[in-house]
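Turn these sequences into a full structure, and let the hints steer you where they fit.
Heads up: the sequence lines are chains A and B, in that order.
Taking full-length UniProt numbering, I'd label the letters of the first sequence as residues 1 to 384.
Taking full-length UniProt numbering, I'd label the letters of the second sequence as residues 1 to 384.
For the record, the hints were derived by calculation from the structure and aren't laboratory data.
Note that the Cβ used here is the ideal one computed from N, Cα and C, for glycine as well.
One-sided and incomplete, this derived list gives chain A residues near chain B with beta-carbon spacing under 7 Å: (1) Arg-69; (2) Asp-80; (3) Asp-121; (4) Leu-125; (5) Ser-127; (6) Arg-131.
There are 2 protein chains.
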Amino acid sequence: MRIAQVAPLDESVPPRLYGGTERIVSFLTEELVRRGHEVSLFASGNSVTTANLVPQGTTALRLDPNARRSSIAAHLAMLDEVRQQQDRFDVIHCHLSHFQHFPLFETFAEKTITTPHGRLDYSDLPSTYARWPYFSLSSISMRQRQPLPKARWVGNVYHGLPLHLYPATDRAHPQDPYLVFLGRIYRDKRPDRAIEIARLAGMRLKIAAKMDYSNRAYCEELVEQMKSPHVEFLGEVDDVGKAALFAGAHALLFPIDWPEPFGLAMIEAMAFGVPVIAWSQGAVPEVVDDGVTGFVVDTIDDAVAAIQRAYSLDRRQVRRRFEERFSASRMVDDYEAIYASVAAGVYKPEGDPRIVPIAGEGRSDQEWTNGNQISLNSRRGSMN
Amino acid sequence: MRIAQVAPLDESVPPRLYGGTERIVSFLTEELVRRGHEVSLFASGNSVTTANLVPQGTTALRLDPNARRSSIAAHLAMLDEVRQQQDRFDVIHCHLSHFQHFPLFETFAEKTITTPHGRLDYSDLPSTYARWPYFSLSSISMRQRQPLPKARWVGNVYHGLPLHLYPATDRAHPQDPYLVFLGRIYRDKRPDRAIEIARLAGMRLKIAAKMDYSNRAYCEELVEQMKSPHVEFLGEVDDVGKAALFAGAHALLFPIDWPEPFGLAMIEAMAFGVPVIAWSQGAVPEVVDDGVTGFVVDTIDDAVAAIQRAYSLDRRQVRRRFEERFSASRMVDDYEAIYASVAAGVYKPEGDPRIVPIAGEGRSDQEWTNGNQISLNSRRGSMN
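In structure tokens:
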């Protein structure tokens with residue numbers, strides 16, 4: 001197929017540092033090329049890909065040291081470029097979360113698919129989406145859909161990682177193990193809970209995280225808490241550092257306090273055979289197989305108890321489950337199925353399909369799937 | 001005329017607190033209604049107007065305490081609503097700065113006029129504007145145009161204030177006068193320079209400003225500097241507070257270090273007959289009549305000298321010049337002239353007018369006016 005991938009411009013694809021969305025877009029793009037598709041990647045000009053790069057500027061927005069950047073204008077220019085080239089593609093996969101592309105793509109909406117990568121609980125999204133209800137969306141977890149239950153969800157595709165980047169180690173429980181917190185020092189991520197859990201469990205905690213100074217007061221609090229002797233702060237770690245970090249890890253603590261739409265750190269831990277102890281928020285119950293790849297908890301006490309129970313988990317089984325559910329190959333299988341439906345015209349807004357076929361791995365919880373049975377109002381052409 | 005005003009949704013119109021753009025949109029809208037035009041105001045739902053309010057949500061984005069808001073989605077919904085109602089208007093005046101409306105307004109661009117209210121030195125703006133070069137823009141100073149010299153500038157309209165809100169006081173120099181700094185505690189505004197100037201001049205300084213904690217380190221520095229006995233910090237002041245503040249003021253210090261596109265605080269001081277001592281940056285040389293309404297300076301020493309020279313200025317003349325150049329009535333005259341040209345089809349992208357007629361008060365500096373002589377590339381309909 002002739003496929004366009006449209007990435008956010010905040011980071012390059014793949015990102016130099018932090019940037020979950022751009023990493024996933026990179027994994028997806030490279031695997032699609034490997035499978036023989038003709039792929040164009042619309043992304044920051046410093047991106048690196050085997051696809052046909054349609055470069056947008058020379059630098060990504062977040063790390064541009066030289067210039068004052070306009071995110072709105074930079075994305076508008078890219079989206080206009082996609083529009084001008086749209087005849088060249090069978091499928092256009094857009095990875096923006098806040099619908100900025102809808103006005104520019106409305107005349108060829110039927111061959112687009114949008115994966116929002118962020119949380120969707122912004123009060124402006126439902127009423128704005130309702131103005132472009134013929135745009136098909138694909139979620140990264142069923143929970144992500146909750147604030148937009150009436151949108152035209154046509155797939156649910158969990159993220160996946162390339163197995164060759166995470167070689168299986170197949171080892172037993174490490175000697176002198178420690179706990180790990182991986183992510184950003186940010187209030188919603190609750191590193192403070194991780195520190196408290198480790199203290200109560202009498203275990204060491206290694207924190208591999210970037211300070212997010214947009215919440216400076218919280219960072220200052222954390223610096224104090226991290227002075228505790230059982231805590232070691234590593235700062236931001238790269239892929240090599242992650243492998244070393246997880247080699248001696250008993251479990252990943254993921255004690256979040258926000259509706260995390262996916263949680264890449266969880267599947268990274270699983271890739272190394274490390275169990276995940278995570279709060280029952282956002283996508284956690286979908287990503288963690290409770291009792292197999294880790295434990296889903298609601299309280300500090302439960303988390304401390306789970307640390308003991310984690311000794312009973314088979315770490316090779318954690319890795320196997322990761323390979324089954326969260327490989328890049330599985331992710332690309334799912335997206336290919338969606339693209340095939342798009343290219344076959346299945347998602348055309350004409351007619352009134354009522355029930356849109358679902359591609360990808362979507363669990364059948366009643367609450368979750370309600371959102372799929374929508375009445376398609378083929379309101380378009382308000383430009384005429 | 002049937003006129004739509006499209007305001008940013010960050011604040012209500014008029015704003016509850018800080019918010020220059022929304023204040024100007026309010027003054028403009030109310031005066032247009034008074035003159036008998038049929039005006040619709042697209043703005044935050046808590047706006048107050050005599051025009052027909054087309055409310056967007058119930059709360060402005062910046063002060064919404066309850067919800068997570070999406071600026072992109074909120075503005076998209078408003079712009080789509082304008083598009084749906086566009087047949088009802090002769091002229092659509094949009095006050096957004098970063099072109100988000102261009103894709104939605106492209107089929108009726110000839111009856112729109114855009115006033116960007118912010119600085120335009122974002123590196124993404126020129127190449128993005130070039131994709132929609134048939135959109136007419138109106139500047140708030142000639143200096144504002146500099147980063148976008150090739151845009152289709154069809155007018156330059158300085159801001160204006162309603163005279164009834166600023167009654168003339170017609171008084172002599174105050175007893176025991178002090179200097180004033182009005183604005184935000186923000187690095188670019190350089191309150192530190194104001195403190196130093198007042199110290200060197202041996203005068204008291206009253207700082208009426210909101211702490212902008214997006215630059216916390218600078219605010220902390222300033223708090224230290226403001227402990228100096230010659231400095232009094234008043235926090236944010238309302239309109240009544242401003243009148244009292246300027247009643248005893250010798251001069252306004254406006255020692256900015258950024259390309260200020262207009263500078264409302266300067267004309268507020270003038271409205272009270274108070275001279276302005278301002279750095280030669282951004283719109284300052286256009287707004288201050290050097291030697292009449294104040295002094296344009298480049299150094300601390302010059303600023304200190306200007307404080308002495310300000311005793312020789314006629315404060316009634318400062319007020320008269322304010323009335324001539326910066327009344328809301330003059331501002332609305334200028335915009336009405338632009339609207340008349342828009343409604344008469346003067347700015348239609350068809351043909352190649354080369355030189356677009358200029359409405360409003362634009363000075364004829366060569367550098368400034370180069371931007372007006374543009375070749376109009378009537379590139380449209382990239383949707384077809």
